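Below, each chain spelled out in residue letters.
4 protein chains.
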Amino acid sequence: MTGTTIGFVGLGGMGRGMAGSLLRAGHAVRVWNRSPEPVAALVAEGAEPAESLAEVFAADTVVSMLADDTAVERLLLDPALLAGARASLHVNMATVSLALAERAEELHAEHGIGYVAAPVLGRPPVAAAGQLNILAAGDGALLARAEPLFAAMGQRTWHFGDRPSQANTTKISVNFLLACAIESMAEACALAEANGVRPTDLIDLLTGTLFPGPVYSGYGAMVAERRYEPAGFRLPLGLKDVGLALDAGAVATVPLPFGSVLRDAFLDALAHGDGEKDWAAVASVARRRAGLPE
Amino acid sequence: MTGTTIGFVGLGGMGRGMAGSLLRAGHAVRVWNRSPEPVAALVAEGAEPAESLAEVFAADTVVSMLADDTAVERLLLDPALLAGARASLHVNMATVSLALAERAEELHAEHGIGYVAAPVLGRPPVAAAGQLNILAAGDGALLARAEPLFAAMGQRTWHFGDRPSQANTTKISVNFLLACAIESMAEACALAEANGVRPTDLIDLLTGTLFPGPVYSGYGAMVAERRYEPAGFRLPLGLKDVGLALDAGAVATVPLPFGSVLRDAFLDALAHGDGEKDWAAVASVARRRAGLPE
Amino acid sequence: MTGTTIGFVGLGGMGRGMAGSLLRAGHAVRVWNRSPEPVAALVAEGAEPAESLAEVFAADTVVSMLADDTAVERLLLDPALLAGARASLHVNMATVSLALAERAEELHAEHGIGYVAAPVLGRPPVAAAGQLNILAAGDGALLARAEPLFAAMGQRTWHFGDRPSQANTTKISVNFLLACAIESMAEACALAEANGVRPTDLIDLLTGTLFPGPVYSGYGAMVAERRYEPAGFRLPLGLKDVGLALDAGAVATVPLPFGSVLRDAFLDALAHGDGEKDWAAVASVARRRAGLPE
Amino acid sequence: MTGTTIGFVGLGGMGRGMAGSLLRAGHAVRVWNRSPEPVAALVAEGAEPAESLAEVFAADTVVSMLADDTAVERLLLDPALLAGARASLHVNMATVSLALAERAEELHAEHGIGYVAAPVLGRPPVAAAGQLNILAAGDGALLARAEPLFAAMGQRTWHFGDRPSQANTTKISVNFLLACAIESMAEACALAEANGVRPTDLIDLLTGTLFPGPVYSGYGAMVAERRYEPAGFRLPLGLKDVGLALDAGAVATVPLPFGSVLRDAFLDALAHGDGEKDWAAVASVARRRAGLPE
Chain Z
1 MTGTTIGFVG
11 LGGMGRGMAG
21 SLLRAGHAVR
31 VWNRSPEPVA
41 ALVAEGAEPA
51 ESLAEVFAAD
61 TVVSMLADDT
71 AVERLLLDPA
81 LLAGARASLH
91 VNMATVSLAL
101 AERAEELHAE
111 HGIGYVAAPV
121 LGRPPVAAAG
131 QLNILAAGDG
141 ALLARAEPLF
151 AAMGQRTWHF
161 GDRPSQANTT
171 KISVNFLLAC
181 AIESMAEACA
191 LAEANGVRPT
201 DLIDLLTGTL
211 FPGPVYSGYG
221 AMVAERRYEP
231 AGFRLPLGLK
241 DVGLALDAGA
251 VATVPLPFGS
261 VLRDAFLDAL
271 AHGDGEKDWA
281 AVASVARRRA
291 GLPE
Chain X
1 MTGTTIGFVG
11 LGGMGRGMAG
21 SLLRAGHAVR
31 VWNRSPEPVA
41 ALVAEGAEPA
51 ESLAEVFAAD
61 TVVSMLADDT
71 AVERLLLDPA
81 LLAGARASLH
91 VNMATVSLAL
101 AERAEELHAE
111 HGIGYVAAPV
121 LGRPPVAAAG
131 QLNILAAGDG
141 ALLARAEPLF
151 AAMGQRTWHF
161 GDRPSQANTT
171 KISVNFLLAC
181 AIESMAEACA
191 LAEANGVRPT
201 DLIDLLTGTL
211 FPGPVYSGYG
221 AMVAERRYEP
231 AGFRLPLGLK
241 DVGLALDAGA
251 VATVPLPFGS
261 VLRDAFLDAL
271 AHGDGEKDWA
281 AVASVARRRA
291 GLPE
Chain C
1 MTGTTIGFVG
11 LGGMGRGMAG
21 SLLRAGHAVR
31 VWNRSPEPVA
41 ALVAEGAEPA
51 ESLAEVFAAD
61 TVVSMLADDT
71 AVERLLLDPA
81 LLAGARASLH
91 VNMATVSLAL
101 AERAEELHAE
111 HGIGYVAAPV
121 LGRPPVAAAG
131 QLNILAAGDG
141 ALLARAEPLF
151 AAMGQRTWHF
161 GDRPSQANTT
171 KISVNFLLAC
181 AIESMAEACA
191 LAEANGVRPT
201 DLIDLLTGTL
211 FPGPVYSGYG
221 AMVAERRYEP
231 AGFRLPLGLK
241 DVGLALDAGA
251 VATVPLPFGS
261 VLRDAFLDAL
271 AHGDGEKDWA
281 AVASVARRRA
291 GLPE
Chain W
1 MTGTTIGFVG
11 LGGMGRGMAG
21 SLLRAGHAVR
31 VWNRSPEPVA
41 ALVAEGAEPA
51 ESLAEVFAAD
61 TVVSMLADDT
71 AVERLLLDPA
81 LLAGARASLH
91 VNMATVSLAL
101 AERAEELHAE
111 HGIGYVAAPV
121 LGRPPVAAAG
131 QLNILAAGDG
141 ALLARAEPLF
151 AAMGQRTWHF
161 GDRPSQANTT
171 KISVNFLLAC
181 AIESMAEACA
191 LAEANGVRPT
201 DLIDLLTGTL
211 FPGPVYSGYG
221 AMVAERRYEP
231 AGFRLPLGLK
241 DVGLALDAGA
251 VATVPLPFGS
261 VLRDAFLDAL
271 AHGDGEKDWA
281 AVASVARRRA
291 GLPE
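Chains as they are written, first to last, in the numbering used here: chain Z, 1 to 294; chain X, 1 to 294; chain C, 1 to 294; chain W, 1 to 294.
No lab work stands behind these hints: they were computed from the structure.
One thing to keep in mind: the hints can contain errors.
What the hints assert, rightly or not - Listed next, the in silico SDA-like pairs over lysine to any residue satisfying Cα-Cα at most 20 Å (straight line):
| no. | chain 1 | residue 1 | chain 2 | residue 2 |
| --- | --- | --- | --- | --- |
| 1 | C | K240 | C | R74 |
| 2 | X | K240 | C | G243 |
| 3 | W | K240 | Z | V251 |
| 4 | Z | K277 | C | G291 |
| 5 | C | K277 | X | V251 |
| 6 | W | K240 | Z | E276 |
| 7 | W | K277 | X | G291 |
| 8 | Z | K277 | Z | G196 |
| 9 | X | K240 | C | T253 |
| 10 | C | K240 | X | G291 |
Unchecked claim - Label-pair ranges, simulated between beta-carbon atoms:
| no. | chain 1 | residue 1 | chain 2 | residue 2 | range |
| --- | --- | --- | --- | --- | --- |
| 11 | Z | S217 | X | D78 | 37 to 45 Å |
| 12 | X | E106 | W | D204 | 45 to 53 Å |
| 13 | Z | A54 | W | S88 | 42 to 50 Å |
Unchecked claim - Footprint (simulated), chain W over chain C, 3 or more residues, beta carbon under 8 Å:
| no. | segment |
| --- | --- |
| 14 | 177–186 |
| 15 | 284–291 |
All values reported here derive from a predicted model rather than from experimental measurement.
In this text, a Cβ means the ideal position worked out from N, Cα and C, and glycines have one as well.
With these hints in hand, go ahead and build the complete structure from the sequences.
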C-alpha cells in the first residue's frame, strides 16, 4: 500500500459515486461499508476492500460519507480506532451537526489526526459524475492536501473558513433554504389553486422569470404536480436537516421562525404517513390545511 | 382623436415607463396623473395631456397603473365616470386585491366596459425598457385586443384564465414568494453569521449553485451586505403585498404560516423605523432577534 | 316620553338580556331590531317599540349592541341619522375595531353627540341576569351619566381611559387571550393524548391546581371531550375577533405571533367545515395536524 | 437503620423542602447532594448524610429530585450503581424527558428495581410546606408504596397511568401551558400598551373576571410591571421545558405551533441577555418586537 491510498467509509447513494470518482481519477481507494453489496461493486471498479475500519484508518487519508451524527459517532468517533490510526487526515463529507463537527475535530486532534469538513451539494447522479459542489472548511494545509480528492469528486470547491464547523454551518444553511423554498411554493400553490390558478401555470411563470434554477423548477414541478415518489431525498431526512438548522440556531441564540414552521409542517407530514416520500411531500400539508383535495 | 387612442392613468415609477413604451410603439396616448410633473415629461415624448379622468375614459382603451386598492377605488371605480365613458376596455395593470378585482369587473360590466387584469413583473427600469413580464387574465377577446399594448410594454405575456382576478392571484403569489425568499435568506444569513460564516460567502455559494437568478443574487446581496437604501420597493408596500396574500388566503381559507411570519416581521421592521427602506430591510429583524449587531 | 328614555339598538342574544336588565331596573326603554321577534318579546316586558332608528335616536341616551363593524357602520354611522338626533349620548357596547371606535367618536362629535365605548364580558345568560362585566372608556362626565345603565346591566364597571377606543382595545385583548387559552389547551391535549395521557385527566389537573376559573374549565372540557356543539360563540366570530387583534396590532406595529398562529388555525378549521361550531372547535386543528383520529 | 429508610438525592430549592417534609412526617431520610451545604442543613433537621450514591441506594426506597435529564443520566442511570442497589423502588420526581423516563424504567427493571415518576407542581416554598401537587404514574403497587411519601410532601396526588412517562408527559404539558399563558399575556399587554391601555389595568380585569388563579395573577403582575428579578424559575430552564414539550411532540408527531413560537421567543430573550431573569422575562421579546421602550 502506497502513501497515496485513500480509505473511504460509507458507500450509500452518495458515497458510492464519490468513491468511484476517486478511482477514476487514479487514486487507490480502500473501501468499507456496513452492508457488503456496494463494496463488491466498487471492488469491481478497482477498489480494495477493507475488512475493518482499522484497515481504512491505516490509509493516509480517510474520506467518510455517513448518514448522520449517530453513524459518525458510533463508527468513527471511537478513541480506540483513532488511537490506532496511521491516517493523518480525515475528510468528513457528511451533513452533520455543528456540535458533532466540534467534538470530532477535538477528538481527532487528541490523536494527532487532521480533521476537515467538506459536505457537498448534489444528488447521487451528480456524485457519480464527479460534479459535486464541495463546501470545505478546516486548516488550510489540510485542505490543500485534500484538494486533489475534491477535484476528483467535484466541479468546484468553496471555502468557508479554518474551522471545520463553518462548512457544516453552510451546508445546514443551504438545506434550510431548500426547505424554505419548498414550503414557500407549497403555500403559494395552495393559494393559487384555491383562487382558481393552476399551480403548474404559476411554477412555469416563476421559473421562466424571477426564479430560474434547479430548486424552483425541480421542486416546483413536484409540488405543482403532487408527485413525491420515488423519493430523491426522504422526508425524515428533511426533518433531520431542519432540526440541524434549529439546533445550530439554538446554540447561537438565532430564532428561525421559518424553521419552526418547517419543523411543524414536516411533523404534520410524517403524522399523515408521508415518511417514505420525497421531502417535497411536505407541500401536502399546505393543501390539507386549506382543505384542498388530496 | 382616432379610435386607437389609449387613455393612461397613473404615471408613477412604473406607469411612466409603460406609457413611454406605448408611445414608442406608435400608439396615441392620452395621459393623466394626480401630480403634473410626469404628465409634462410624457407630453414631451409625444403624449396628449388629459384634463380629467373623463377625458381618459373617452379613449377606446384605458390602461391604469395606480398604487393600490384605495387609489383604484377612489379614482376609477366611480359610477359617474364609468357611466360617461366611451372606452370599451379597461386594462388594470396594478397589483390589487382579489376582492377589488372582482368588484371592478362587475362594476365595469354594469356599464358595458370590458375589464381585464394585467399586473406585471419588473421594476421601473424594466418598465422603461418595455421588457416587463405581463400576467394577464380576463375575457379572451378582450385580451386579444390588449395584446398589441402588452407587446409594446413587455417581453412576454403570460395567461392565467378568463377571470381577471386570476392574474391578480398570480401576481400576489409571486410577491409572496419574493418576500419568502428574502426572509429565508435573512434567517439563513443570521444563522450563518452567528456561527462564524460570512453571509456574503453563503450568498455567493447559493447564487453560484442552486439559487441562480435575480431574486437570490439581488436581494441576497442586499441582505448579506445590509444595504437597504435607496429603496427599490419600500417596506410598507411589501407589508401591503403580504397582506394581499393573507387576505386572498382568508377568503379561500388557505392558511399561510410563512405569510404570518412575514407579516409579523414586517411589522417589527416598521416598529423599528425601517419604513423608508427597501423591503429587504425586513432582514434586519432576523438579526435583531438573534442579538446580532445592527 | 320623559328625559330618561333609553333608546336600545340590537336585540341579539346579548342585547335582549341587556335591554331586559334596563327595564327591570325601572328605565324606560325604546327598542329597535332588524328582525321583529325580539322587539315583541321586549315589548311584552314593558319596552316601547321604535319604528325607526330615528325614533331611537330621539331618546336622550342610545345604547347599541350590534354584531360587528359592518352593522354599526351601516346602521348607526349615518350622518343623516346623527344630524337629526336628539340624543346626547351613545353608548356602544359592541366588540368593534379600534378604527371604527375612532371614526364613530369623531362623527358623533361632529353632531354634538357624546360617544363612549362599553364592550362587555359575559355570555347571553350573564347578560340576562344583569351580571356582565362592563369595560368602559370615554369622557368621564359621559361615563358618569351612563353608570346607572351599567349598574343595571352589569355586576361591575371597569374603566380604561377617556378615549372610547381604549375599552375596545381591552375587549379585543381579552378575546385574544381566550383564543390563546383554547389553542394552548388544544396543543397540550394533543400532546398528552399522543403520549398516552387522557386529555380529561390533564384538564382536571389544570383546573384543580394552577388554572382555575371558567375559561380553562369550560373550554378545557369542550376541548378534552371534543364537544363543540351547540355553539356558544361561533367559530367565524372567533376568527373575526382574532382579526380585530391582528388589525389593532398592525396599526400600532405590534407583531402577535400567537395571533398569527390562531388566525391560521381558525382558517384551517373553517376549511374543514367547522364554521357552525363553537370557536373551541379550533382545537380540532391541533388533533388533525398530529394525525389523531377525528 | 430500619427498612423504612428513604434515600434522597438532590437537595436543590425543591428537594430540600421535600426531604424536610419527609423528615417532619417521621420518615428516616438519608440524603445526598453534590454540594455539601444543603446536606448539613438537613442533617440539622434529623437527616442522615450519605457518603455516596451507593449508600442512598442501600435504602429501601430512593427519591430523587435532580435538575434535568443530564443530571439524572450521569448520576443515577449508572448500571454499577443500580446493580449494587438494595433499594426496590426509585421515585423520580424531576421534570425529565419522555425518552429518559422510558430508558430509566427499562434500566431499573433490568436490575429488579421498581421505577415510578412523580414530578410535581409547586415552587420551593410550596415544597417546604409539604403542599405540592404530585403527578404520579407507574405500577399501581409501587405507587401505593410511595403514597405515604407523597402524602408527606404534597397536598394531593394525581394519577396518570401505569407507565411512568405518562406523569412526565403531564408535567411537560402543564409547563407548556404556563409558558403559553406568559406569552399570551406578553402579546396582549404589548397590544394594550401600544394602543393606550395600561397593562396593569388589563391584568386586573383578567384576574378579576375570566382568568383567576395564580398563573395569570402572578405572571400577569410580572409581565405588566416588567419585574423579572429575582428569578423564581430561570429563563433557560423555561427554554429547556419548552424543548421537552417540542421533543415529546416530535416523537409522537404532534406539531405545536405555539411551542415553536415560544422556543423562538426564549432564544430571542437569551440573545438579549435575559438568561438570569425569571422565565416571565420572555415577555420582553413581545415589547421589543413592537418597538416599545425597554
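Here is how each hint holds up against the structure:
no., hint, verdict
1, C:K240 to C:R74, "18 Å, holds"
2, X:K240 to C:G243, "16 Å, holds"
3, W:K240 to Z:V251, "13 Å, holds"
4, Z:K277 to C:G291, "17 Å, holds"
5, C:K277 to X:V251, "19 Å, holds"
6, W:K240 to Z:E276, "31 Å, violated"
7, W:K277 to X:G291, "17 Å, holds"
8, Z:K277 to Z:G196, "27 Å, violated"
9, X:K240 to C:T253, "13 Å, holds"
10, C:K240 to X:G291, "35 Å, violated"
11, Z:S217 to X:D78: 37 to 45 Å, "44 Å, holds"
12, X:E106 to W:D204: 45 to 53 Å, "50 Å, holds"
13, Z:A54 to W:S88: 42 to 50 Å, "44 Å, holds"
14, 177–186, "holds (count 7)"
15, 284–291, "holds (count 4)"
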